[in-house]
Structures are given as structure tokens and as C-alpha cells.
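Now for the letters of each chain:
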Amino acid sequence: MIGILAYGAYVPKWRMSRGLLRGGLKGEKAIAGPDEDSVTMAVAAALDCLNGVDRGSIDGLFFASTTAPYKEKQIATIIAATADLRRDILTVDFTNSLRAGTTAVKVAADVVKAGSAKKVIVVAADTRLGSPESDAEVDFGDGAAAVLVGDDGVSVELEASYSISNELIDVWRTEEDKFVRIWEERFAQTQGYLKVVPEAVRGVLEKSGRSPGDFSKLVVYAPNPRRGSELCRKIGFDPNNQLQDSLYGLVGNTGTAYPLMLLVEALEGAQAGDRLLLASYGNGSDASALLVTEGIEKIKRNRRGIGAHIGSKRLIPDYNTYLKWRKLMPRGMVIDKLYFWTYPSAPPILRERNRIYPLHGTKCKICGTVQYPPQRVCAKCHTKDDFEEIRLSDKKVTLYSFSREPATGQLIGLVNFDGGGRMWCNIGDTNYEELKIGMPMEMSFREVFYDLGIHDYFWKAVPVRV
Amino acid sequence: MPGVKDKVAIIGMGCTKFDEHWDKSVKDLIVDACWEAFEDAGVDAKDIQAAWWSTMWSGELGRTLAYPAKLGFIPITRIENRCASGMDAIRNASYAVAAGAYDLVLVCGAEKLKDIGMPSPGGDPSEPYTSRVDPLSFPVACFAQLAQRYFYHWGIPLDKGKETLARIAVKNHHNGSLNPKAQFQREITLEQAMNAPIISYPLGLFDACGVTDGAAAAILCRADLAKNFRDDYILLKGEGMACGHYQPQTEDDWEPYYIEENVQGSRMAYQEAGIKDPRRELDLAIVHDCFTITELSIYEDLGFSPRGKGPEDVEAGTFTLEGELPVNTDGGLKCFGHPIGASGIRMAYEVYKQLQGKAGSRQVKVKSGLGLAHTFGGTPIEGGTGAFSILGTRD
Chain A
96 MIGILAYGAY VPKWRMSRGL LRGGLKGEKA IAGPDEDSVT MAVAAALDCL NGVDRGSIDG
156 LFFASTTAPY KEKQIATIIA ATADLRRDIL TVDFTNSLRA GTTAVKVAAD VVKAGSAKKV
216 IVVAADTRLG SPESDAEVDF GDGAAAVLVG DDGVSVELEA SYSISNELID VWRTEEDKFV
276 RIWEERFAQT QGYLKVVPEA VRGVLEKSGR SPGDFSKLVV YAPNPRRGSE LCRKIGFDPN
336 NQLQDSLYGL VGNTGTAYPL MLLVEALEGA QAGDRLLLAS YGNGSDASAL LVTEGIEKIK
396 RNRRGIGAHI GSKRLIPDYN TYLKWRKLMP RGMVIDKLYF WTYPSAPPIL RERNRIYPLH
456 GTKCKICGTV QYPPQRVCAK CHTKDDFEEI RLSDKKVTLY SFSREPATGQ LIGLVNFDGG
516 GRMWCNIGDT NYEELKIGMP MEMSFREVFY DLGIHDYFWK AVPVRV
Chain B
56 MPGVKDKVAI IGMGCTKFDE HWDKSVKDLI VDACWEAFED AGVDAKDIQA AWWSTMWSGE
116 LGRTLAYPAK LGFIPITRIE NRCASGMDAI RNASYAVAAG AYDLVLVCGA EKLKDIGMPS
176 PGGDPSEPYT SRVDPLSFPV ACFAQLAQRY FYHWGIPLDK GKETLARIAV KNHHNGSLNP
236 KAQFQREITL EQAMNAPIIS YPLGLFDACG VTDGAAAAIL CRADLAKNFR DDYILLKGEG
296 MACGHYQPQT EDDWEPYYIE ENVQGSRMAY QEAGIKDPRR ELDLAIVHDC FTITELSIYE
356 DLGFSPRGKG PEDVEAGTFT LEGELPVNTD GGLKCFGHPI GASGIRMAYE VYKQLQGKAG
416 SRQVKVKSGL GLAHTFGGTP IEGGTGAFSI LGTRD
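Top to bottom, those sequences are chains A and B. Start counting at 1 in the first sequence, then tack on 95, and there's your number in the numbering used here. Start counting at 1 in the second sequence, then tack on 55, and there's your number in the numbering used here.
Chain A on its own, in the form it takes in the complex:
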């Protein structure tokens, strides 16, 4: 039996009231913080999914997104390194389509079926930009989801899947475009979404021998809730009882991550025996019939998923903040580059990869002192080269001291890891007034700097999300 072993998700803490975009609009959308992107959100969702899972047991990591920060350079490797996965695994980026997430799940299932991997984690994340004042800007939100696919200990069985490939210019973005282009809405929906998704859904129903009434939920990508309801009716599902909540009023349309985030949301409310129909859209559609098994109760524990992340939020004060964070506002002097005459360099990043990505510190084998960054000579007992590396990224931390950097506005502080070790790091997702010596925090992977075309990712301390 092949299916989903575990799930995870990430919704940024930051939300924008849609009223900031257009007077009278209700609801919010989730927006990535200034130090977040599809990579950092994918890491957070992957780690949520892998909570309680032996990292060494993962044989593959598939990343799906239309907003990878590199055009040429794999993203899956960044996530795999950060999650402290083995090196002899299959890493793939699935991209250029909003159904890349569900496609990656299908490929993962086939890889497991073929026997070349036992467990593959699929992570989807997107931070798509609608042009200022467009409908797309109102609709789009940022987020990530992850599912672990395997054949042992399945919580959600993948009963059948069916895909349609459809060439159409309806929603697209060229290499030069910052913002997503959408052809006339009626054309895009009637000739694309409302035509192609039903085709895939019919296909999977036929293949699985099921009918709409067999499913407790239809979990389907929708460009907006109105079109989602329209689609639901069109394929014979009841929009009032069967359509999975779209998260539109809380998160927005999260692109590639959207169908998988909706799936996580559905699984959080699912019982053993429930059937879900999952369908995506983007130059075609992937549809799957899923059966929830007894194992679901076990994976519901210790996961933040959608529910816990939704509840932990902060509203940005104004539209300018959003423009600044998305680098849509012209800046004069980039003070943090001019101030500090240091630049990211590839060789040190290579040498320090273990302390950067999975946040390894060293533990002295003689005196047991945990030290970060890793040392060759123990700061306590002066023993040379006798350490074991230990992962600090998943340790709880306590805030020891903190201040606000006046030039850049960044928060900076010392944190103590549970079990030993201390780190001088930036602090994210909060402001000075909310910090207090001794408060519990956690580590979160963020983009800390960008220069010379290098996205510099590293760990920050953030207030505990739940």
C-alpha cells in the first residue's frame, strides 16, 4: 500500500488585511516576512512533516514551486541539507506549473512503487506576486506544505490518480516578469480551470470506480472561492458539505503549495475511513483518490500543520511594509550592504555547510560542553579535535540577551539551547518590545542576506509559534 505517511505545513506569521489592498475587502492573506521565501517556508513545512521521523530514513526530497529564488541551482538540495537528510538521496525540483506539487506527489508514489525509494518527502512552497492593485495581488497568499510518501505505515492511502496535460496560455510568467500574467479571466476559467479539472476528476473517478458521493471532501485548487464552488457543482459535489474550506480568507491562493495545504487542512479534520478527492490545476490537472486510514490519529499529534500556524499571526501595519518586504519599493542606499563590508563567499559557505544548514554545533567528547559555532579546541577543557557534531536546529532555545541594531533595524541576541550551547543570532518575526530575557524561542531558517547573487540562508531565533 502506497500513500502518505506524514504531513506538515507552514503559514508565515505575517498577514495582510485585504482592506489594505482595496477598501471594503474582508479577510486576510498570509505574506512571507522580509526574511522568508519559498525556500525558507519549504524548510519549515518539511521539518514540521519530519517531526518524529528518522531523518536518516528519507530517500528522496522533491521540491515544488514556481518561485524558486534560483533559476539555475537546485533548491531541493538546500532543503535536504537543512533538514539534515542523507547525501545518497534523490533530490528533484518540480517547477513551472501550479500543479508541480501534486505532480511531485505522483512521481514520489511511483518512485516508491518502483522500489527505488522507501520514503520520499515532497515539499511545495510559493510566494507569487500579483502586480500592485491587481486582483491577483488580492488573491495570492504565501505558504508551504509537505507530505511524506512511502509504503510502510501509511496514514492516507493513495487509491488512484489520474493526470491531464493541457497546453494553454492562461496563467504564466516569463523570465523577465516579476508579476504573474493572467489572460482575460473568463477565458482562463472557462477554457482552462473549469474545463480541465473536471476532466481529471472524471478520470480518477472512473479509474477508482468511485462516485462523488463516496468522498467526504473535495480538496481542490481554486483561483478564488467563487470559481471553486462553481467547479464543485459542475463535477457533481455538494459545495456546502463536500468542498474543503479554501483558506482564502485567512491565507489566500498559495499557488503550487495550495492543493497540498488544503490537503493538510483536510487531513487535520479527517477520520479513518474518510475518502478525499484531491485535484490541482496548472497546464492540466492531477487528481487523486485518497483513503484515510487508522494511522491518521498518530500523525495528527506533534504537527503544526495548517491549524496551529493559522492561529499564530501578526498583521502588517500598512501596504508600504508589504512593498518594502517584496522589494517593490525603490530604495536609496542599501545600508546593510554599505555598513558592513562583508560579502557572502562560496568557499566559506561550503566549509561551514554543517553549521549553516542543519545548524550543527560541537559537543566535546571529554567535558561534554556544547559549542556553537563548531570549535576545534574546546573552549572549556582545551581538548583538540575530539568532538561529535550535534544538530541544534530542532532544540528549544531561551533568550539570554537582545538588542535592536540601529542601522538595519534587525534584532540580535544570544540564545541558549536546551541541552547546552549558545548562539549569537538574529531574531525574527517579532519586535523589540515583545522580547524578554528568559522567554522561550525556537530556531527558524531564514534568508539573512542577499548579495553577489547569493541567497544567504541561516537560522534565526523566533518566538515559539504555538
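What the hints contain is simulated information worked out from the structure, not anything from laboratory work. It is possible that some hints are incorrect.
[As the list claims (entries may be wrong)] Below, computed lysine-lysine pairings styled on BS3-like, alpha-carbon distance capped at 30 Å: (1) B/Lys-215 / A/Lys-531; (2) B/Lys-364 / B/Lys-62; (3) B/Lys-331 / B/Lys-62; (4) B/Lys-101 / B/Lys-60; (5) A/Lys-531 / B/Lys-364; (6) A/Lys-408 / A/Lys-393.
[Stated by the list, open to error] Chain A side only, calculated, beta carbon under 10 Å to chain B, not exhaustive: (7) Trp-267; (8) Tyr-438; (9) Gln-470.
Even glycine gets a Cβ: it sits at the ideal position worked out from N, Cα and C.
With chain A's structure known, arrange chain B on it following the hints.
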């Protein structure tokens, strides 16, 4: 351990006004400081046998000093030890003289910070390419955490703590108002200091020193030759320096509410100078008040006040011009600003002038004839360098 005590004399010193010198280059500042020192000592540039040049941002090689001063084909060593650079240059030069390698040497430090186009420089110019993942550690954000941990450790309410720091700022501004070479020569009130805009909480505008241009120079010679130049030469009595090793980060039980480098470095200098009770034995101390909290920590780290008693001594006026142990009689970094490579030499300059009785309206009473100069490079969170020179009058 043989040191420099009574083996090396300072026979001349120079110091420019510390200011925003929009109309002067680092070369101009070097010439101004060196020629004041040459004239004070009664020597000529061509008499200099070797030189030590200290700067962080204003020129690498020895030729940066040789070029404007026209020092011909002598050894010149460039010293960089962040904010402790100037003091380290004095230390290195004094060891060369004490070793008998040279009779007469020049120490010069200068920094031209106002050409940077920024309120202040940051980062590490000697290591521009790194993984660039660690936080930007701009000094004020680190010293703010020293203040935070100091208040936390001693259970001092924020208002009370800020008041102590403000008193230090008021004292130094008073001293600076008496000093024509200071950048800021204006008194401030306690209210002004306490209500100033916050730079990095809890430190406000008047808790921080300025960013300034300046240069200072010293002529050192063998003590037995000093009387050939002047009667009131000043002797080096002790040198001390201690470098930290990121201990507040690598040791998770380290409590950075004080600065260990300053404890260790000062003890070395005291031992060499034969000082047992610095509070009683020193006539004055010019210390590294890059921020008011640093000066508060220094009172305790250098043994002027018992641990935790610094605030009481501040309140009692212990460190004012009229107090038991005047500290930063020239106005300190608070009023001079901090041209990094020059500061340590500027501090020695004030001790030199005070011990000669030439400090004008801010002159302290010279009793023991011993004064201390101190700089601290680095930060209390990352570790740094505490550097000390103890100067004394001739017997």
C-alpha cells in the same frame, strides 16, 4: 617577567582636535599630530629610528605614515587591534625601546571616519568575504546587551540604571567642556541624557560616543636618554593586554555583565607597575567609554569599585574631576568621539599632560604621579582586547 617599567620614557606627544575634519585628509591629521609631538619633544622627523602606525580603516602599510611625515626608509609597523590599536602601538613600540633595539621611536595613530559616508563603519575590513550568515554585530547593539545583562544581573530597575549611565555622560560632558581639543565641548543635563532618543535600547544618544576624525602621536625614547630632551618626561610604568576568545558565545554559562578582558589586562599592568590598590594609587584614569555602560563596567573591571558598587560610586561623585579618582578628565570618548586608531594614543596624551601639570582648567591633583590609559577593542558579546598603559612621573 621583565617588562617596560622605568625603561621607556615619553618625551613628546601630539594630538589634533578630534572633530568632523571635512577639510583634512588622514595625511593632514598625521602631520598635525606628529609635528606637535616633534616640537613637544624637541626632535626632528629625521631623528626617528622606527615607527608604529595604528589605524583600522585609514591605510594599511607603513608607508601611510611615512609618506605624509617623510620618514625615510625606517621600519614602520602597522598595528590593527580594533579600538585597542593605538594602545597596542604604544605597547609594541615600548617593548622595542625597552629591548634596546631603538633609542627614539614614533607612535602615531589616525583615523578618518567621516569620509565613509555613513554614520559609522561596521564589519571587519580584514575579512570581507565570509559565509556572511552570522549577525551584523554593530558595536552599540552589543554594548546594549552588556547594559541589559548588567541591569539584569544586579536587579537594577531600568530607570535607575539609565540614571547611572546618564550621570557618567554628564560627568564626561562637563570634563569635555573644559577641553579645547574635544569634539563636543558642551555640558549636558541629567534630564537631557536620560530623555535622549534611543539608539539601541537601553542606550540612548548620550550613552554613545561620536564618530570622529583625529590623530595622536607619541615620541618614545630610552629612559636613560630622556633627560637630554626634557626634565618633565613621563615614564611607562606598566603595560597590560588581554584578548578574549568569543567566550560569551562559546561558553553558555559565561555571564557577559562585565568584560573579563579588562579585568585580566588591568591586572597585568598593575602588577608591572607595582599597583595594589588602583583606586587609591592612581591620580587619574582615562578609560574606554565607547558607551556609558562600558565606563560603568570598567569601574568594576579595573578594581576602582567593588563588583556591583559602580552605581553607588557614580552617585557619590567618585570619578568626577574633584572626586577620589577622576576618570576621563579630558571628556573621554564621549566628548572626543572615536577615531579608532588614534584613541589609545589620545588617552595616553591626556595622562601625559595631566602628570606634567599641563591640563589647564581640568588639571587634577598629582599625588602618586601615576595615571592609567585604557582602551577596549571588540565587544562584550564577541570578546575583545583590553589594553592598558600606566604612565608615571619621573622619580
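Non-conforming hints, listed in increasing numerical order = 2 and 7
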